[in-house]
Amino acid sequence: MSDNHNQHHIVPLSTYYTIFLALMVGTALTWWVATIDLGAMNNVIMLTIAVTKATLVVLFFMHVKYSSKLIWLAVGGSIFFLLILIVLTLNDYMARGWYTFG
Amino acid sequence: MPTNTYLNAATTLKSWLLTRDHKRIALMYIAGITFFFGIGGFFAALIRLELVTPAGDLLTDETYNKVFTMHGVMMVFFVLIPLIPASLGNFLLPLMLGTKDVAFPKLNLLSFYVYLFGSLFTLYAIVAGGLDTGWTFYTPFSTVASTSAVVPAALGIFINGFSSILTGLNFMVTIHKMRAPGLTWFRLPLFVWALYATSLIQVLGTPVVAITIVLVAAERIFGFGLFNPAVGGDPVLFQHLFWFYSHPAVYIMILPAMGVVSEVIAGMARKQIFGYSFVAFSSLGIAIVGFLVWGHHMFVAGQSIYSALVFSVLTFIVAIPSAVKVFNWTATMYKGSISWQTPMIYVAGFIGLFAIGGLTGLFLAAMGLDIHVTDTYFIVAHFHYVMVGGAIMGYMAGIHYWWPKITGRMYNEFLGKVSAAIVFIGFNLTFFPQFIAGYAGMPRRYHAYADAYQVWNVLSSAGASILAVGFTMPLLYLAWSLKNGEIAGDNPWGAVGLEWNTTSPPPTENFHTQPIVTWDAYEYPTPVEGHVV
Amino acid sequence: MRSGTVFFPEVASTMAARVDQLYLFLVGLTAFFTILIFTMFVVFMVKYRRREPNSIGARIHGGMILEVTWSVIPLLIVLGLFVWSAQIFFAFARPPAETLNVYAVGKQWMWKFQHMDGQREINELHVPVGRSVKMIMTSEDVLHDLFFPAFRVKADVIPGRYTHMWFEATKAGTYPLYCAEYCGTKHSGMIGQVVVMEPDDYQAWLTAGAQEGSLASAGEKLFQDLACNTCHRPDAQGRGPVLHNIYGKTVALQSGENVVVDEAYIRESILRPAAKVSAGFQPTMPSFQGLVSEEGVMELIEYVKSLQGPTANQAVRPTTSGPAPNENTPSQAPPTRN
Amino acid sequence: MSNGAAVAHDAHAHHPALAHHFESLDAQKEASVLGMWLFLVTEILFFGGALTAYMIYRTWYPDAFAVASSEIAILPGAINTAVLILSSLTMALAVHAAQTGERGKILVFIAITMVLGAAFLGIKAYEYHEKYVEGHIPGLGLPFRFEEEYYRPAQIFFSIYFVLTGLHALHMIIGLGIMTWMLVLTRKGVITPEYYAPIEISGLYWHFVDIVWIFLFPLLYLIGRHVHHVG
Ligand code: HEA
Ligand code: HEA
Ligand code: CUA
Ligand SMILES: [Cu+2]
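Residue numbers (the working numbering), protein chains in the order written: chain A, 1 to 102; chain B, 103 to 635; chain C, 636 to 973; chain D, 974 to 1204.
Hint data in this document are derived by calculation from the structure and do not stem from the laboratory.
Hints may contain errors.
Said to hold, decoys possible - Going by beta-carbon spacing under 7 Å, a handful of chain B positions derived as facing chain A: (1) PHE346; (2) PHE393; (3) TYR408; (4) SER409.
Keep in mind that this is a model prediction, so the values were computed, not measured.
Beta carbons: idealized from backbone N, C-alpha and C, even for Gly.
Just chain A, same shape as in the assembly (with noise of 0.2 Å):
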């Protein structure tokens, strides 16, 4: 960010290089993650990894580390509001068969 239009911020090649081997490294990983029995843990670690994954995507790839808050903003509204949706959502879901008090 050395100049005050950010906009204009150019990444470096080597930069873009680098993620692309972190994506294909956390494909690699993904797939031989799901062959193996972690129990619980499978999902969690594959999970992990597509969020990283994504998130080295948004900020480099698509410049957001080099951006404005006001984008940063925008990224993390969407994700809160898309937790909203599946958290409250869901919570219906797993709370339909407690038992009443009483």
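Following the hints, complete the assembly by docking chains B, C and D with the ligands onto the known chain A.
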């Protein structure tokens, strides 16, 4: 009249149809929305005619179901959601921001055509067999049982959704990036805050209803069974997805109207809005918390009672910012210099009717009571109070308030007041009895009903005919004023606000010089130069 | 038919008065705030109407004390309302321990009711005064909603699943019942009446109307007709588990989960046996989906429920003890669908 | 003052791509980037709705979903993941070339991106065909074949599978259209180091579609696989 205006800049048909001027696009929206309001109103008239007698003898049950469905669909998706943002919002936002246009003028034109295309598509669905699912499209009725044109109608709504998204997106970028020099966030008119909050909902909510429609269509077209209990799907999941959008959507309808009310009160009382920042933030609060309450439509739908509990308490909380607004508006009136023009009469109507509509929302948020009133006419009354008494009244106030700016001419003040009074009376007569009928147990979406409810229905139908007169009058005298109205002058109300700092009607570029803002919103200098008392 | 005054439906259940109280309180609240605000607004309009063309309003920016006051007072009011309404809601959600169970099946466009003693009714429901009645409901096609205005209660009826509601009628009479969830062409024709009878009259009605015997005995017959008994035998020699005394127990599944045997579980076992296989058994039970109607399922359920008491060799199947089932909430989290 | 406005116009309006209502190309680009991001916000929630349905049914029918998803061959999905990630790289390189003004490189990288996108669709078509052959299409009146135990929930799984991958594929097709347009713009010389916003925001779109796939791959192909039919 000024010689150089957006209206006479070019007069060919093409110059209208391909315009990128937000003001012309706004006018095209007004025309489109009025047309659909007429159609929706026509269906309303059929509903009320049918319900005069308990027997259900005017329409067949099948037709009746199609009629109220199309009434709801037209009014919600093609009238109320675009109503204020796309018309007054489009016209005023760049003016209020002191800029030449919205951020993406071509996109703005595109969203108009998307709107037109989507709504005409749904109109086509009426011809192609109608739609009988109710505006809520509940599964599995809509996916496996209905034999009407569900897919075309839903497709039209889907297409129309893009229009809403694009408008919201356009407005958000415009508000972030296009403010005149010196126009900081806390100098923005409250209408702009309201539009911003609305856009937020449009951008975050609409895609979810879009995917829901896709899933319903996939079920109908391909036979995929996502909501179908026969393959283990859950119909209630549809309701979650639907209301995730459609509850916030009711705030898409009311927030802009609240913005209009703030402007009109400030302008007509020539006074700073009491508690500016509370009113501004309550819009954002409603928009955001409004996403947490959708389950209140499903208290008896088979959702978990604990889930219901959470949704209920959040619903009660989302009522608070509305209360804050109402109190601040009332406080603003204190020691104002209040002009009794038509817009103000409509605002007074708005306050009374929205208070009733909103407070009856609390009846519904109260779970133990909602069990009895849900799916009865009590609900119908509640939402007409907020949607017609709130949103439409707000729009009527706004259209009268800015009519001189839009057209350069005044409407007929006397007729304006008379029709406002007619609307107010007709409205209450139409919908107040429905609260009573609803509590007495009359279910909604009933084509024939028990004799005991007839009193209320006759009153309601009588009211509706008065209401129709009240809504038709403005259409006539406003049209008449286009040619014959008195020349308005740039600032007939003697109000402040950038939109009053340019000619009426404004030039295509909005301002002859780029405004630089050094004052807060609603800062009234003395004396004020206005023509109207 | 009695439908109350034009303002109120008949007050005919133990809950109705509680609901009406909350309603009247809210009516008062609404009247109070609407009149308060509207009057103030109009009074200000008159009092501060513009007298000079050029005059402007007083310069007042706001006031923190007022803002806090008019946020906190409504907040307290609504929180109070929340607690009050939640109490009523939970009372509706929690049937008393002893209930008279009635099955209801919604179908485009009629209501079918089945009593434990075997009486079947269409669009008409007979219940006694002074006893808690629990409705166990499902739908054969789309969503419906059984609504008794006089009892202030309704609940959606959902295909593929049981929902419940309860009421205790307090006054003999005939009251309307409606379908309150839009269900297609004849939605407004899906109506009927509930006949509330004095206990003696109700007994008389029961005996007069008894045709095919109780639900459970009809179920027993079906159990034989469908050859369930070839696999489910009381002596643990069949291919399927012994069904005696399973109702209300928690049983272990192949997947390692436990599940409470309630109506929903039995229903699922009949229609989709493979979905939850009991531990120690092969999924050999065929599905009876399409072979038995919703009413038939209800009869079978009642039959299985009636299989109480000692049998030979009970200990063969693995059961685990768990909390007593509450029929109000069908079963554990995932199992709620069926 | 219309004179003054005209003067101001002259000062920086030499660039043909500058719209009349923007101060500068920078302001214009910031606006379009923000606009694109807001559009991606809507996309996130659009896919998010279907993902919610997926989550719900996955928690309802964990076994059936695990079994059903292990009916899908991993290899094509994994190749496709790699193909898309590579295309994201070439897209990023195209944007880089646009920033530095190397027109030839822009054309090459966009072309490669499009080839990779098309390859993705080709592999996807192959996978769909496999599903068709195996009788795993839960609709269209086709016979659905699945083991009895999971017959019904497997239909739900495959419905979600087709909705999600279908919508994703649709986004790819739209992306190919956008890229074609970008090729034209670049050829015409519209894209310069001062004005490359179109490439930049098309890139954002392309990367987003990639991200969707980054999630779809584990969610639809891999989760629960270790439990049943490992392979
Ligand atoms: C413009 C549209 C609009 C608006 C603004 C609202 C606002 C509110 N709505 Fe409404 N609603 C609808 C449109 C709207 N609604 C529609 C269309 C339906 C039915 C859909 C269908 O099924 O077809 C519906 C249905 C509906 C239900 C579902 C009922 C059911 O189906 O069983 C509920 C339940 O909680 C509800 C609650 C509320 C609440 C609490 C508010 C609150 O936001 C209201 C807040 C306002 C106030 C509280 C009034 C102002 C404040 C004062 C005067 C001060 C005093 C205040 C206090 C003491 C708190 N609404
Ligand atoms: C914006 C929303 C909106 C508006 C404005 C209205 C307006 C009206 N509505 Fe409606 N209504 C809904 C939204 C709305 N409604 C919804 C969402 C439903 C639920 C649907 C469902 O259950 O699925 C519903 C349902 C509904 C019902 C319940 C039906 C049922 O459950 O069986 C009834 C019954 O009285 C009713 C009546 C009316 C009446 C009398 C008006 C009047 O206010 C209308 C007055 C207007 C006119 C009479 C037109 C005026 C004339 C002109 C403007 C001139 C003509 C112009 C041209 C030709 C260009 N509406
Ligand atoms: Cu059954 Cu409405
Ligand atoms: Cu709501």
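Going down the list of hints, with the structure as the test:
The beta carbon of B:PHE346 comes within 5 Å of a beta carbon in chain A, closer than 7 Å, and the hint placing it at the interface holds. Against a cut-off of 7 Å between C-beta atoms, the interface hint on B:PHE393 holds, since the closest Cβ of chain A lies about 6 Å away. The restraint placing B:TYR408 at the interface with chain A holds, with a minimum CB-CB distance near 4 Å, inside the 7 Å limit. A cut of 7 Å between beta carbons decides the hint on B:SER409: the least distance to chain A is about 4 Å, and the hint holds.
The structure is consistent with each of the numbered hints, conforming to all of them.
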